[in-house]
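Chains as they are written, first to last, in my numbering: chain B, 1 to 201; chain X, 202 to 357.
If you are wondering where the hints come from, they were derived from the structure by calculation, not from laboratory data. Here a beta-carbon is modelled for each residue, glycine too, at the ideal position from N, C-alpha and C. Any given hint could turn out to be false.
As the list claims (entries may be wrong) - Examples of chain X residues toward chain B, derived with CB under 8 Å:
1. Q246
2. T248
3. I272
4. Q274
5. M280
6. D283
7. M285
8. S286
9. L350
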Amino acid sequence: MSVLMNRRKVIAGMGLLGLGLLTGCDTRGELSYKYGKDLSDKILGRTFKLKDTNGDVQTLSSFRGMMPMVFFGFTQCPAICPTTLARAAKIKKLMGKDGDRLQVIFITLDPERDTPQVLDAYVKAFDPSFVALYGSLEETAATAKEFDVFFEKVPSGSTYTLSHTATSYVYDSRGTLRLGLSQSLSAQECTEDLLTVMEVC
Amino acid sequence: MTATFSKSRIKQLVLGVSLLGLALQASAQTQVDDAWVRATVAGQQATGAFMTLTASTDSKLLGVQSPAAKIVQVHQSTMKNDVMSMQAVESVVLPAGKAVSFDPHGYHVMLIDLVAQVKEGDTVPLTLIVENAKGEKESIEVKAPVRALNMADHKM
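Use the sequences and the hints to build the structure in full.
Here it is as structure tokens:
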């Protein structure tokens with residue numbers, strides 16, 4: 001009897017697994033999100049090559065198996081950047097165990113002032129698992145262009161600040177772009193949509 | 202000669218008394234609530250200060266000073282198509298009785314070229330310069346507590 005039950009469980013489990021593979025990763029189609037923007041018809045961020053704060057080169061495929069959530073900003077940003085990173089930390093907690101697969105990636109738009117040391121301390125203040133990436137000015141501009149991210153320096157007295165796109169870009173675990181999360185969404189709203197992505201891949 | 206001298210002394214005296222009156226009055230004219238500064242990590246050169254200002258008469262914030270940073274500016278951030286834009290502003294209108302919020306989504310005070318790392322638990326002195334409709338200026342001293350860098354926003 002118990003053998004039969006176990007066998008049944010195994011078969012059921014295999015069936016579910018197969019279903020997941022079939023409906024999930026092989027489907028390129030749209031998912032219905034409650035809050036975010038479906039970006040599955042866009043090809044963004046496929047070829048960027050930047051350094052992490054240890055100096056190691058990272059690409060999108062470096063994060064395969066994880067669900068990368070990419071956000072652009074700069075550490076001197078007083079408002080949107082810390083707010084968005086704090087939201088990301090909250091999302092990770094709200095996702096529970098699934099949050100272990102969320103990889104938050106912060107790409108600096110201000111490599112002139114954001115040194116690797118500052119970047120590392122900055123993102124880790126929000127969550128020790130967060131990764132910060134940087135490149136030269138040219139690499140930064142090319143990466144932003146690849147993501148269709150707008151940014152520009154705004155002179156401000158003897159210094160400058162930056163205007164920039166505040167969207168978080170979400171990829172599935174196979175590196176397919178899925179979702180754009182606006183800065184205006186709450187952690188709870190983002191979490192619901194992220195779990196939708198995670199259900200399929 | 203002596204008459205002119207004493208006249209100017211009187212003028213000074215009157216000015217002094219009126220300034221004193223202004224200073225005493227000033228404390229009640231613009232109310233500052235819930236001021237705070239976001240903490241920084243070592244080497245980070247700038248951060249923001251946030252608060253709510255309520256002026257009793259139509260006024261405007263002309264500027265902010267602080268010994269914590271070499272440059273202090275008032276900025277306004279705006280969102281359009283999910284692009285966050287930043288702009289330094291000359292002044293901020295404070296309509297009588299209306300609470301004007303300085304938060305990450307609108308006006309905020311930028312502390313740039315920080316003298317030292319701003320750590321959670323410290324306090325940052327800020328001096329706000331507010332001018333009322335009559336052109337009278339008041340200085341408001343604020344001791345803003347420093348909150349954690351990862352301080353969650355009320356909108357979250």
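Going through the hints against the structure:
no.	hint	in the structure
1	Q246	holds, 6 Å
2	T248	holds, 6 Å
3	I272	holds, 6 Å
4	Q274	holds, 6 Å
5	M280	holds, 7 Å
6	D283	holds, 5 Å
7	M285	holds, 4 Å
8	S286	holds, 4 Å
9	L350	holds, 5 Å
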